[in-house]
Every structure is written in C-alpha cells, then in structure tokens.
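*Asks:* Mind assembling these two chains? They're in different frames, but the hints should get you there.
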Amino acid sequence: MKANIILIPAILLLFSCAGKTEKGKENESVKVVKEPPVVEQQADLSDHPGQPLYTQHCLPCHQADGNGVPGMYPPIVETKWVNGDNKTLISIVVHGMDEEIEVNGEFYNTIMAPLPHLSDQQVSDVLNYVRRQFGSSTEKITPEEVKIVRENES
Amino acid sequence: MLLFTFSIVIFAGCSKQGTTLQPDPDNGGLLLPDGFSALVVAEDLGPGRHITVKENGDIYVSLRRLQDGNGAVALRDTSGDGRADITQYFGSVSGTGIELHNGFLYYGADSMVVRYPFENYEDLLPAGNYEIIAGGLTDERQHAAKPFEFDGQGNMYVTIGAPANACMEQMRTKGSPGMDPCPLLEYAGGIWRFREDVVGQTQLEDGYRYSTGIRHAVALRWNDKVGKLYTVQHGRDQLHQFFPELYDTEQSAELPAEEFLMLDDGADFGWPYCYYDQLQGKKVLAPEYGGDGVETGRCEAKTDPVMAFPGHIAPNDLVFYHGTQFPDKYHNGAFIAFHGSWNRAPEPQEGYNIIFVPFDGQLPLGNWEEFADGFSQLSTVDNPGDAVHRPCGLATGPDGSLYVVDSRKGKVWRIFYSG
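As they're listed, the protein sequences go chains A and B.
Mapping the first sequence onto the numbering used here, position 10 (from 1) lands on -10, and the numbers just tick up by one.
Plus 113 on top of the position in the second sequence (first one is 1) and you've got the numbering used here.
Check each hint, because a few of them may be wrong.
[To be verified] With a straight-line cut-off of 27 Å between C-alpha atoms, the simulated DSSO-like cross-links for lysine-lysine are: (1) 341/B - 167/B; (2) 167/B - 338/B; (3) 522/B - 60/A; (4) 60/A - 120/A; (5) 395/B - 415/B; (6) 341/B - 67/A; (7) 287/B - 127/A.
Keep in mind the hints are simulated off the structure, nothing from the lab.
Chain B extracted, bound-state conformation (with noise of 0.2 Å):
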C-alpha cells in the first residue's frame, strides 16, 4: 500500500496539465500544493452553501438565508479571465442542495425539493416558478439542510438529517436515556430515493428509505465511475458534556469520527445506537443507549465507514475529481470541504479546509492528505466565530477547476493547476 503511494505521487509531481487562466497574487489568501493556483470569481454573495457549474461555466450557488427576497446567485464570467462578470440573485427558496439535471436547476429548501425550469438551458436564469419533486421532508431546525443527489438511472437521493444529536428522550439534556427503538428514524437520520422528475412526491408516500442511521449528512455525491452513491456524515456532538466521567475534553474533541460512508441499498451505518471510535478502528455503543466507550453490542452489525476523519470537523461537500486538468493523482480521488468544528471546544478547533482522498475504485486508497487551507486566515481558530472564511460547498468545472463557496461572507475561489 505505502509503496504503491509511492509512485502515484511522483508520476503526478511531474506531470504537465493545467490552464492559462490568471490566478490571484495571494491565490485569494488559500494554501494550496505546488503547481496549484487559485483566484476569487466573488465575494460577499451572502452565506453560501452548496455550488454547482453549467457546462457553458455559469455557476449557481445556493444560501443558507434569503438575501432580499432570493435564495439563490447565478453567476456569469462575460470576459474570460475567471472572475464573474454578472451576478444576478434568484429564487424564492434558500437552502443547501443545487444541482443542474436534466436542464433543471434543482434545489434543496430545508422542506423541499424542487426544480426551476430554463426557457433556454444557456440563460444565466431560470425561468418562472419551481415544481415541487419532493415535499414534506422534516425541517425542525436541527440538521435540517437537504441536499441531493442524482445516479444518472432516474433516482434522486435526499439526505435527511435526524433533528437530534443522539435520539434522547430529552434533546441535548444530560442524563436523558436514548430512546430504543429511535422513532425519528421512521422519517429522519438517513438518505430516501425518489424519482428525480416526477413532481408532487412526498416523503411519507413517494419515498423510499435507501439507507438508515445516518445522524446528518451535507456532503453526498454519486461516483459514476464505479456506480455508487458516498456520504460523509457528521458524527454526535457532546460526549464530555453529558458523560464527563467516561470521555475527558480531549476524547470528547476527538470522538466520534466523522464518517466517510459507501451506502447500498438497505445499509445502516448505525445512529444513534452506535458511533464509530477512530482510535479503536470500530462502531462502539453509544453512551445514551448503555455503551462505556469500548463495548460494541449491537453495533457490530451496522457498517463501518470506508474511512474516518477526525471528530467535529463538519464535512459539508464532496466531489470525486473525473476532470483531466488536475495531475494524475487526483483522477478518480475525493475532495472533501470541512466547514470546521465548534464541538471540539475548549480544544482548538479543527477543519476549516480541503482535503484529498486518493481513491482506488470504490474505496480510498492510502490516506488522506490536506489540499487547500487559509479560509480562516488564522493558524488556529479557537473560537469559530474568529473564522473569516468557512468552506462550504464543492464543484468542479467544465475544464476540470475546482470551486469552492464560503458560508461566512460567500466568497467563491475557483481553484486550479497550472503546473
């Protein structure tokens, strides 16, 4: 395995791809690998969340709040040189999922599914009033985000976060047990199926519960190269807060992992019974449901993740790189944008940052290393409030750039190589 690294990065260091667009002096204040480049396509769009690049490269960025009435920012560069020329807000929805399909703009309102249709597909925006494709989805203001997902055979997927940290009969209240069996998983904590163009689905009667105990999920994305759908979850929150006497502040920082998850149908990846411990390589019990830190119960027959990061560190995107710009390393691998913690206080905080997953077929192979870093522009963010820029969002271009769109000040950097 470690020989095989090896080669991957040497043929990659020496490779000859790239544009000729002009990056910024200061790469827009990232920290990126040698031969990469970046620069700022815009800025203070508002909080943005999730991405996504036509193929003729207008850009869509959706937002957490409604900014004068719209829930969503086109963007159009008419000079060639990157930067966005025209910026023009829409859409009477904010929310996180946005994706072009079909030639629809699909978007995730915390409620909803819907899509805007274009009277021309090349407009910069889309014409008229949405169609609801999938509604009555939970919105109880605690993970309440839903993006989706499209495998190219006439499905989407929505995660649909669980409104809890770890299914308690009280939320968030120490010393409340973990309701056994977990109602909120009837309709929550995990990824449903619908038809991606039939309009009017709701959850309750249209949807199809494709994999379960998933706590919450932004990131989620299918692979087309080997036909599987990826999520990376974000684990439960306050192990030392509500068990002092079994997690001290640095194991409460470090645990749970944040999942990197290969979902199939069926598949339960265990929430909340179960989190999976990084340093001990495997799902344990949680705390509310009996568990000491060691003891695995139940818990063996859920699904362990393909790999595991560091706790907290909030995964909100991920693109599998199929573009040919980037070096060889990159081809088929995984970018994942860490929105950065705030359960890992009075620790310093971690993520805030881009990394890379080589990865072999379906699974990664190797580890993981960091990518892009600078959005906080500090070298240790303690309060996350310090942060001047979060990741949030992911997309790759139709040249094979990488976009990124911050959730503080919605600023988007396009990023690429250029040898």
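So here's chain A without its partners, still in its complex pose (with noise of 0.2 Å):
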C-alpha cells in the first residue's frame, strides 16, 4: 500500500501536461449543505445504555442518522414499526423480519436477520434508545416484554 502512495502524486503531476487537476478544490464548492436531520435533537443521550448497543449492533445496517440504505436497509426515522406497538417492534429484534415492506415511497424487500444473542435487557434498552433517537413514542420497553416475546412465537 505505501507504493501506491508514492505512485498516485507522481500520476497527478504528469497530468499538467494537459492541464491540471482540480479535483481537490471543485470538491470544497459541490460541498452541499445537509438538510436538518429529520429528528430533532432530544436531550443528549451519549450516557443511554442503548446507545453503544446501537452503535455496535444496528448501525452497520441502519446508520447513524437511522436512515439506513436505500433499496437495501430500511430507515427506522419515525416509521410505523419504530413508533408502534411494543411486541411487533421486539419481535423484529427477536425474531427478524422478513416481508416487503414500503418506507417513505421506497421498497424493501430484504431480511433483518434476528439478534438473538442480545440479552432481554440489551433489546429493551436498545430499543428504549431507538425510539427516543429516532422515534416520537415515549412508550417504554421493559426486559419482562423482551422474554415474553422471545418465548412466544419464533
């Protein structure tokens, strides 16, 4: 890999024979401002206990903003599922999901494998953070709703 650094400024240089590239500078002027994040900011939550669950065990998929990735992992910014009822939003954790499901005029027809290894009470405070993060339902979670729901259907 270091020879690939030495190598790239040499290609850059030896362009100038045409001209010269501006990548660098017309990168700063396409900058676009972000719109405000859809969520407003509540108050900070650095210190959930769900919030380092997130990072390590949803984010990969959904992102940090919760807005996830287009036509493949769906948002979970105020959806129906996020600020719905207790047992289907666990059950997704759980046990997974698997339907075509339609966010914000895009479609998803992809799996959520479950999360089976997160503990009754890392899918109650994970979830807790989800919905404060990225929800509008102030409806807590508890850990004795996480095994009911682990032990029911699968």
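*Replies:* Have a look at this one:
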C-alpha cells in the first residue's frame, strides 16, 4: 500500500501536460449544505445504555442517522414499526423480519436476521434508545416484555 | 514499473482525440480529469442498475424495481446533441444485467436471464415477449442480482451471488459458525456458464459452474482483447460486528478487500472460507472458520485477485476501454463503478465514484486512480442515504464515450474527451 501513495502524486503531477487536476478544489465547491436532520435532537442520549448497543448491533445497517441504505436497509426514523406497538418492534429484533415493506416511498424486499445473542435487557435498552433517538413514541419497553415475545412465536 | 507509468501518462496528456459534443456547463455535477467533459443524457428514470448502448446510439437501462409495470427503459437521441429525446419504458421484469447480443436484448432478472427479440434491430423497442435462456436461478433477496456476459464463442456467463454474508449456520448472527463445507456453493457463490442461444436452460440441468468462491459480483466483463473473463467481488461484511475482539471499527471498514478477479475455468477464490486482506497482501482464513485475521490455512490454495480495493465500496460495474476517443493511456484499461459503501460505518463511507485501472495485457499495470467523482454531491458521505446519486452501471458507446447510470434517481451521463 505504501507504494501507491508515492505513485499517485507522480501521476497527478504529470497530468499537468494537459492541464491541471483541480479535483481537490472542486470537491469543496460542490459540498451541499445538508438539510436539517428529520429528528429533533432531544436530550443528550450519549449516556443512554442503548447507545453503544445501537452502534454495535444496528448502526452497520441502519446507519448513524437511522436512515438506512436506499433499497437495502430501511430507515427507522419515525416509522410505523418504531412508533408502533411494543410486541412487533421487539419481535423484529429477536425473531427478525422477512417481508416486503414500503418506507417513505421506497420498497425494501430484504431480510433482517434476528439478533438472538442480545439479552432481554439489551433488547429493551436498544429499542428504548431507538425510540428516543429516531421515533416519537414515549412508550417504554421492559426486559420482561422482551422475554415474553422471545418465548412466544418464533 | 514506476517509470513505465510515467511515460504513458505524459503521452496521454498531450494526445489529441475527442468529440465535438457540447458538455453541460457543470458536467452534470461530475468531477473529471482534465480534458474530459460530460453531459446529462436523461434524468429521473427510476432506480437504474446497468446500461448498454446499441451501435446506432440507442441506450437501454435496467431498473431495480418495476416502474408502472416496466423493468427497463430505452432512450434515443434524435437531434444529435447526445441528450435523450425519446424515453420509452418496456419489459415486464426488473433486474440488473442488460446487454445487446446477436440482435437480441438480453436481460438479467433476479431468477432468470431472458432475451427480447427485435422486429427490426434498428427499432428502439424490442418486439414481443421474452424467452428464458437460463432459468431456475436462486433469488433469496440477498445478492440476487444476475449480471451476465458473453465470450463471443457462444457462451453466456451468469454471476450467481451467495444469499449470505459468510455462510454462517444462522444468517448474519453473531457467534454462529460457518458451515463447512458451505452448501450454498452448490448453486450460488460463483459464475455459471450456459449456452447463449439455447432457450429454456436451467441452472441445475444445464449450467456449468465455471468459477467458485465468489460471494457476490455485479461487475462482470469479458475482455476480448485478451480472451478472459473478469469480475469484481463484493467482499464480506460485518467483521467488527461479529468479531469485535479481532477487528476494530477501522479495520472492519478497510477489510476485506473488494477483489478484482480474473476468472479461469475451475478457479476458486475462497469465499466463504477466506477473504483477501489487502494490507497484508494475502488471503486469510475467515473468522467464522477459525481464522484470527492472520492465519492463512487452506486459503493458500485459493486464487488471489489481480488487484485489491478498499473494503465495502461496492464495485457494481466494469468495462474495458477499447474505444479510440479517450487518450491512449486509457486504451485496454478498465473503468470500475463503485456504488459506494454502507458497511464502513461508523467510519465515513467511501466509493460513490468511478476509477480507472491501467492494464498491460491480462493484468493491471501500476495503480488505479480516480476517474469520476461528484455523484454523491458531498465531500464525505457519512450516511449512504445522503448520497444524491450513486454510480451503478457503465457502458461504452460506439464513438468511445463512457456512459454511467445512477441507482438513486436514474440519471444517465455521457462522459467524453474533448481535449
């Protein structure tokens, strides 16, 4: 990999025969101002026990802003599942999800594998965090509820 | 090697080739090397995947999802300015692969490769129903895209992605071991060969497994100058998520490499048992199969890539440049469209660009360099959903222009050299 770093500047330099590469500069100028995030920042959630769990277990797919990956992983910002009933939301994490869904006009026909290695406490923490960070439901999810959903249907 | 690269670049910079097309003032938002320009052929076609251009300049784009019941769109420029004047949707299946071949339009739906006949090949739209060339291809809603390619000797190659990340007993589940042997390799995770013109073939009856150990590949191209098939693999995801004790988030963003593969009959590239670590320059054993990030084990017997790219940047198309419009430096080299990563989070995402790989014969020569950027309209992409456009498909036109299609909104650019 070291060699690459030496090679690239050499190539760019020689391009000057035809002109100059202004990529670096142009890059700056197209930087668009991002629209304000959909979620209003509520209280500081950095101490929330669900925050590191989200980063470790959900963020890879649903991303830091909760907006997912177009066509692949759906947004979880203010969706009917995040704001919906506790049982369904818990079930998505402990049993997974496998159906075609539409979120904000975009279709997702992919599969979310269950996360059975998360404890009842961890599932309730991460979902309470998700609701506070990305949803508007104030309903709390308890470890006991997670236990019941886990033991029920599969 | 270094000196060789020098002389090529100098020559390229001074040569005089090009077209007289009028570019868009902002090159359609693209950032290109000096001397190159671009114009927007069409916009808002829907979620584009791949693209192909007919000898007469007609353009065909595959769509990831049906748009009002149509899975493809045809574009024609009637005024000669390079911009589409006629836009027509057609085709009852959606998918990825799309190519004109022997007077037919072949299309890779997720469970089959079909072809549409033309009444007159010069017509914009094909006529009538499709016929199935290769059917019974697995579609498990993960890595289901079915790009294909022809070798000019009557064969059609289809990439059949593995419906898995690392062939774990339980899909994408922490702590679940890798299946050994991985049963998915029987029908997926490789490239299968079919006859290009025999209707009604099925994978299990008629398909021949040409190469294996390829997790998922969307970029597939025959280079007829050297008579070889190439693909670029999407490497496995989630090393940190499943093995935080072995990989930190930075390593997990960088690893494993996206692998540029040169295929041979019978070649095995190692998935799911192995992945290529571009920092160590070798294939190592995957952690699901007992690897510790360093041990090579059975991976020594697997075939290495001809070039390795940073992790997760999603190579979604590949073309070899055999046109004469671009400067000599580009001749016989490869362009690769990187759709852009999601699995580098929480690190910033990468890709969302087109790169160029110089070639000498069958193998890359020297290093790759960025060719086109600006698709995302962001200087760094933190969340994939913020990217305004994502390059997904590439084609070269009859005059040597390079066409690009975007998967977000279906924008099509034509890139050309004006000197």
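*Asks:* Against this structure, judge whether each hint is valid.
*Replies:* Hints and how they fare:
For the suggested pair residue 341/B and residue 167/B, the alpha carbons sit about 23 Å apart, so the restraint of at most 27 Å is met. For the proposed pair residue 167/B and residue 338/B, the alpha carbon gap of about 20 Å is at most 27 Å, so the pair holds. At roughly 25 Å between alpha-carbon atoms, residue 522/B and residue 60/A fall within 27 Å of each other, so this suggested pair holds. Annotation: proposed proximity of residue 60/A to residue 120/A holds, straight-line Cα distance about 16 Å (limit 27 Å).
A distance of roughly 10 Å separates the Cα atoms of residue 395/B and residue 415/B; the hinted pair therefore holds under the 27 Å criterion. For the hint linking residue 341/B to residue 67/A, the alpha-carbon distance of about 54 Å lies beyond 27 Å, and the restraint is violated. A C-alpha spacing of about 19 Å is found between residue 287/B and residue 127/A, which places the hinted pair at or below 27 Å, so the restraint holds.
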